[in-house]
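Let the sequences and hints guide you as you build the complete structure.
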Amino acid sequence: MLVSGNRLIGTPILSMQAAGQIATISSAIIDPDTLKILGFKLSGPLIAKSSANILDVKSIREYSRYGCIIDNIDELVEKDDVIKIKKVLDLNFDLLGLKVETKKGSKLGRVSDFTVTSEDFMIQQIIVRRPALKALIDPELTIPRREIVEITDYKVIIKDEEKAIKERAEKEDFIPNFVNPFRKNGEFAPSDKKD
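Following this note's numbering, the numbering of the sequence shown begins with 1 at its first residue and continues without gaps.
No wet-lab data here; the hints were simulated from the structure.
Lysine to aspartate or glutamate pairs mimicking EDC-like chemistry, simulated, CA-CA at most 16 Å apart:
1. K58 to E119
2. K36 to E119
3. K41 to D56
Structure representation (structure tokens):
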């Protein structure tokens with residue numbers, strides 16, 4: 001199931017052992033190299049005094065409309081417990097708000113949201129809010145991950161618009177696999193009968 005990144009914020013974390021909510025998601029920890037959510041920073045009264053306020057996505061049993069279900073509060077880790085999460089947190093990377101440009105340097109807008117699959121928390125699309133003048137025609141762009149070429153500290157670089165349009169057009173080319181009975185060798189064949 002595809003889930004909006006903005007919808008993830010505030011999602012309850014439910015513990016099977018506690019039989020209820022133990023925290024809520026306050027932010028996502030996104031690996032800029034793979035565009036995968038590695039974990040979530042959590043907040044809530046049960047974990048406010050503890051330094052273990054990070055949930056590794058591998059500990060999530062199920063994501064449902066009620067929230068993320070885990071076994072128990074012991075699944076939560078500290079920043080230094082998981083090396084990959086620590087490295088990404090040290091980068092201080094945030095996908096939201098990054099500029100989006102084409103390879104040629106054409107500015108498209110800023111990342112306002114993204115969608116992820118709830119099974120593996122891989123980012124599938126980024127949602128780009130357009131600048132004021134371009135927003136009159138098209139207020140948002142949805143860019144699939146296959147169009148992304150590079151991510152830096154300040155911007156997301158995607159394939160050129162013209163190239164993307166050509167690729168889509170090539171995929172949509174239609175070659176009929178039938179023979180038109182009214183044409184001979186591609187030419188219109190008038191009836192042999194004369195009145």
